[in-house]
Amino acid sequence: MLQLSNLYKTFNKGTVNENNLYRGLSLKVNSGDFITIIGGNGAGKSTLLNLISGKIDPDEGAILLNDSDITHMPEFRKSKLMARVFQDPSKGTCPSMTILENMSLAYNKGKAYGLSMGANKKQVGLFQELLSQIGIGLEDKLHTKVSLLSGGQRQALSLIMSTMTSPELLLLDEHTAALDPKTSEIIINLTEKIVTEKKITTMMVTHNMNHAMKMGNRLLMMQRGRIAIDICGEEKQGLTQEKLLSMFEKAGCEDAVSDRMLLA
Amino acid sequence: MSHLLDFSINVLQMGLIFAIMVLGVYITYRILDFPDLSVDGSFVTGAAVASVLLLNGVNPFVACVAAFVAGLGAGFITGFLHVKLGITNLLSGILVMIGLYSINLRIMGKSNLPLFSNETIFSLDVHPLVVIAAFALVSKLLLDFLLSTKLGFLIIGTGDNPDMITSLGIDTGKMKILALMLSNGLVALAGSIMAQYQRFADVGMGTGIVVMGLASIIFGETIFKRISIMLPTTMALLGSILYRFSIGAALNLGLSPTDLKLVTCVIIVFALSAGNAHRFTGVKRLLKGGLANASIK
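Keeping their order, the protein sequence lines are chains Y and F. The first sequence maps to residues 13 to 276 in the numbering used here. The second sequence maps to residues 22 to 318 in the numbering used here.
Hints are computed from structural coordinates only; laboratory data are not their basis. Some hints here could point you the wrong way.
Claimed, not checked - Derived coverage of chain Y by chain F (criterion: at least 3 residues anywhere in the stretch with Cβ under 8 Å from a Cβ of chain F; other residues may be distant): (1) 85 to 99; (2) 102 to 109; (3) 113 to 120; (4) 126 to 139.
Idealized CB from N, CA, C, for every residue including glycine.
Excised from the complex, chain Y in its bound form (with noise of 0.2 Å):
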C-alpha cells in the first residue's frame, strides 16, 4: 500500500552539524496495517512520518501511496490522501470555532469548500453520536469553541475529525505524549476502537513500550535512521517486556538503557 524505497535524508548539510540521517531506508507498509514505532530520540520517527505526509522532502529515494509517486507531492495535495494527529493538541483543530464549526471543515474534506453555509447543521447527529463514543461529554458542547477544551478533549476531537473522512492512512505522532495518563488511555482506547472498526492502515509512534507491545499487527523499532526490528504478526502477539529488550540488545541498540528507563 506505502512504499519507501531507499530514502536519503540530511540535515544541517555541509556544516559541522551534519546529521545523515536515512541512509538508504526501505519500509513495505501493507494495507490494513497497524504498526507501531518505538525508538529513543533522535531515531527518526517523526521524521519518518514527516517524510510521508509531506512536511519534510527526502533527499533522496521514492514514496509510493497505491504505486504512484507521492514523493515530492506538496504537502496540502498529499494530505488528502491521508490524516495525521500531533503530539500537540492543538495542532488538529482550530481554537476560535466551535466544536460544530471544527467538525463540520473536517467533514467536508476532499470535496469543494464554495460558498454554502459552513456550518453543517444536518449532519449534528452524525457528530453527536461520533463524540457520545469517547465518552467524556463532548457531544453537550457543539457549540463550545475548541480553546476552551482540554488538551485530551481536544486529542480526541482531533482524532475524530481526522478519521471522519475514512483516510487510506492514518499517521499518529506520540499523540498521547502530552496528556495524563488516565486521558491518554481514553485517547488509546478510541484510537484502537477506530482503526479497527474503519479498517484504516495505520502508523503510530509512541514512547509507552506498553501501547507499542499491546496494539497492532506489526511493530517497528527505529535506531539512529534505520529500522533496527520488525516483527509482526503472532511473533508479535507473543511479546513480552523481557523478550523485546533482549531483542533490542542483540540489535545493538545502544540507548537501549534509556529505552528500558520508559518502561518504569
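Go by the hints and put chain F onto chain Y.
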C-alpha cells in the same frame, strides 16, 4: 444644537466610510494575523482609480467597483510576494505600499486630483449619510456571510491553525492570497468613496490608514467585547465610528488637524495597554507605598 447635529452626522459619515476600510484591515489583522501595510497604498489606489474614471465620465457606481477590483489586484501582489516568493508578511506589505505610491501617481497623473462638478455617488437625491451607510452595511453583511460559509471557515482556519487547514488538503497560501485580495479590495472601495465625499483624491491621503484601522478595531473590541453575541465585524464598524468621534472631539477641544496622527497613536497605546493593566501594578504600588513595597520582578 445644530452644531451638535452637524458634528454627529459628520462623525457618522466619516466613521462609516472608514468602517469599510476597517473591515478590510480586520480581515488581515485579526482573521489572518497578517499585519498588512499595503493598505496605506491601496486606499489611495481606490481613490485614484475612481477619480480618474469619474473625470472621464464613467458612472460613479461603476467607478467604485473598478476601485474595488484595483484593490483586489494590490492585495494579490502582497499575497504573491509573501506566499510565492517567501518574503515576510511585514516586508511584503511595505514593498507594495511603497510601490503603489508610484503607481498611484501614474494613475492620477499628478499628486492631487480635484473632482469639481463631476457626478459622484453623492449626486443621488438622498442624504450622503444614507449612501455611505448603505455601502458600509452591505460590505459588512457580505463579509459576515462569507465568513459563515465553508470558504470563510477555511480563511478563518488559515489564520487560526494553518496546519489543520493543510491537513484538510487545502493550500493555505491560496487562502492567504484570497484574504489579502478581499481586504485590499474593501480598503480601495473605502478610498474611492472618500475621494468622492471630499471631492478630491490626493496621493498622500493613505498615510496612516493601517494605524487608523487598527485603532478602530482595538477601540471596538475593548468596548464591546463583553457583549458576546456581537459579531467582530459589528465591533469593527462601531469602533470606526467611535474612533472618528474621539478624533472629532479632539479637534473640537482645540487640537489642530496636524496633531491627529499623534492623537491616533495615543488612543492605540491606551486601548492596547488597557488589557494589560496588571503590568502597571508594580507602578501603582510604587506610587502608593514607595519603593519599599514595590516588588520589581
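Structure-based check of all given hints:
{"no.": "1", "hint": "85 to 99", "in the structure": "holds (count 9)"}
{"no.": "2", "hint": "102 to 109", "in the structure": "holds (count 8)"}
{"no.": "3", "hint": "113 to 120", "in the structure": "holds (count 5)"}
{"no.": "4", "hint": "126 to 139", "in the structure": "holds (count 6)"}
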